[in-house]
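Student: In case you want the letters, here they are:
There are 2 protein chains.
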Amino acid sequence: MSEKITIIPDPKTKFFYGYPSNVAVIGVRVGDKQNFMPAAWNVGLSYHPPLYGVSVGTERHTHKLLSEAESFTVNFIESKYVSKIRSLGRSTGSEMDKIKEFNISTSEAEKINAPMLGFAYCSFECVKKESILIGDHTLFVGEIVLIKVDKRAVGIYNTLHTGEISPLIYLGIDNYITLDKNSRTSLKELPPHYKDGKFR
Amino acid sequence: MSEKITIIPDPKTKFFYGYPSNVAVIGVRVGDKQNFMPAAWNVGLSYHPPLYGVSVGTERHTHKLLSEAESFTVNFIESKYVSKIRSLGRSTGSEMDKIKEFNISTSEAEKINAPMLGFAYCSFECVKKESILIGDHTLFVGEIVLIKVDKRAVGIYNTLHTGEISPLIYLGIDNYITLDKNSRTSLKELPPHYKDGKFR
Chain A
492 MSEKITIIPD PKTKFFYGYP SNVAVIGVRV GDKQNFMPAA WNVGLSYHPP LYGVSVGTER
552 HTHKLLSEAE SFTVNFIESK YVSKIRSLGR STGSEMDKIK EFNISTSEAE KINAPMLGFA
612 YCSFECVKKE SILIGDHTLF VGEIVLIKVD KRAVGIYNTL HTGEISPLIY LGIDNYITLD
672 KNSRTSLKEL PPHYKDGKFR
Chain B
492 MSEKITIIPD PKTKFFYGYP SNVAVIGVRV GDKQNFMPAA WNVGLSYHPP LYGVSVGTER
552 HTHKLLSEAE SFTVNFIESK YVSKIRSLGR STGSEMDKIK EFNISTSEAE KINAPMLGFA
612 YCSFECVKKE SILIGDHTLF VGEIVLIKVD KRAVGIYNTL HTGEISPLIY LGIDNYITLD
672 KNSRTSLKEL PPHYKDGKFR
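As you go down the protein sequences, you meet chains A and B in turn.
The first sequence begins at 492 in my numbering and counts up by one.
The second sequence begins at 492 in my numbering and counts up by one.
Pulled out of the complex, with its shape left as it was, chain A reads as follows (with noise of 0.2 Å):
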């Protein structure tokens, strides 16, 4: 058994130790403002219906537009674009098109009014439902009415094809990292009730 150190938390420090998180840009428009946002809180929260939450700091600029819109887009990224998901993080659209000045590709999504990311893998479509102030944070909850996946993401089961993607994960702090591809284990066709070793 190693050392455990407790933390007790207070206001003066952050600490990143439940992450680490993939990342989800989040993208929305009002009238003829659009800004993306990468968010390391992004969260599945329900499958009927299919809900996904995203959480926001209630000083960010994205909070502003995602409280007046009524849908947003949460885009999912690959490792190698890391420096556009910093850039988009650590810069404000209330000072800048982040579009335009870290000349960010764009696609039009289908069925709500939202920018996509060009380059993510796969992209939900979110009408917003709905706004759940929770601390410092709003979470943003949004019902997934349309996905677009590269056809190289698509994997067994429809999870992600690691073989193919290298998805970008948060570490806090500007620390990126992802996944070890070759350590993916699928433990599916274990009897539903398994012991370390034994089937029973």
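Careful, some of the hints might be misleading.
Copies of the same chain are indistinguishable here, so a pair counts whether it falls within one copy or spans any two.
Here are the simulated PhoX-like pairs of lysine-lysine, each with C-alpha atoms no more than 25 Å apart in a straight line [stated by the list, open to error]:
id, residue 1, residue 2
1, 503, 642
2, 505, 602
3, 602, 555
4, 571, 672
5, 495, 619
6, 620, 571
7, 679, 619
8, 602, 672
9, 642, 620
10, 503, 591
11, 555, 619
12, 591, 555
13, 620, 503
In short, the hints are calculated from the structure, not lab data.
Fit chain B to the given chain A structure using the hints.
Tutor: This is chain B only, laid out in the frame that chain A set:
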């Protein structure tokens, strides 16, 4: 540009393109009953106060326990424990004592009344603040009041030490994977406004 396919969600099909997700094992106790359940849908929600969310299907035994409990733990584990986690995920505490059945080591939380996973590299002790029904799941929101973290897991800036810890990551349908520790990149030292290859 590679070819994209379109999926319109329907109630019969599950898709896992929002994954990978790190696995959080929820620990909860009500009276003399205690239980652990792995949750892929877990997420940071706020810095101040520090809030963390776990999304649990309304039909799960753990949902019943979390609805009654005032606190819970969130435990993060290394990939080498994959078969134990899969056992915890594919069984139900309504029919057995998972902790005995799968020989799970536990320890006691300090500030709350809940079990911690003995082999976790990090555990959050959470006081339940909100239970929000969202679709077919409830998002249980906990305030992190104490963190126990293995010394080996402590990395720079309170990020995960990925050279030491290979976290268990979920892809859906009993498929698991971990990180490629050699792929870690830090962009922390770049200027805030950085354009691919150019500084301003």
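Student: Could you figure out if residue 495 and residue 619 sit no more than 25 Å apart (CA to CA) within one copy, between two copies, both or neither?
Tutor: between (42 Å within a copy, 24 Å between copies)
Student: For residue 679 and residue 619, with the copy left unspecified, which applies at a CA distance of at most 25 Å: within, between, both, or neither?
Tutor: neither (34 Å within a copy, 33 Å between copies)
Student: Is it within a copy, between copies, both, or neither that the alpha carbon of residue 602 lies no farther than 25 Å from that of residue 555?
Tutor: within (22 Å within a copy, 37 Å between copies)
Student: If the cut is 25 Å between Cα atoms, do residue 620 and residue 503 qualify within a copy, between copies, both or neither?
Tutor: between (33 Å within a copy, 21 Å between copies)
Student: At 25 Å max between alpha carbons, let me know whether residue 642 reaches residue 620 within a copy, between copies, both or neither.
Tutor: Intra 29 Å, inter 42 Å, cutoff 25 Å: neither.
Student: How do residue 505 and residue 602 come out at 25 Å by Cα distance, when the copy is not named: within, between, both, or neither?
Tutor: between (38 Å within a copy, 20 Å between copies)
Student: My question is about residue 620 and residue 571: at a cut-off of 25 Å on alpha-carbon distance, are they close within one copy, between copies, both, or neither?
Tutor: So residue 620 and residue 571 fail the 25 Å test inside a copy (32 Å) and across (39 Å) alike.
Student: Between copies, within a copy, both or neither: which fits residue 591 and residue 555 at Cα up to 25 Å?
Tutor: within (20 Å within a copy, 50 Å between copies)
Student: Indicate which option fits the pair residue 602, residue 672 if close means a Cα-Cα distance not exceeding 25 Å: within, between, both or neither.
Tutor: Answer is neither; intra-copy 33 Å and inter-copy 39 Å both fail.
Student: Could you figure out if residue 503 and residue 591 sit no more than 25 Å apart (CA to CA) within one copy, between two copies, both or neither?
Tutor: Neither: 35 Å inside a chain and 40 Å across chains, both beyond 25 Å.
Student: Given a CA cutoff of 25 Å, do residue 571 and residue 672 count as a within-copy pair, a between-copy pair, both, or neither?
Tutor: The answer is both: 15 Å in one copy and 16 Å across copies each meet 25 Å.
Student: At most 25 Å between alpha carbons: which applies to residue 555 and residue 619, within, between, both or neither?
Tutor: within (14 Å within a copy, 28 Å between copies)
Violated hints, in rising order: 6, 7, 8, 9 and 10; the structure is consistent with all others.
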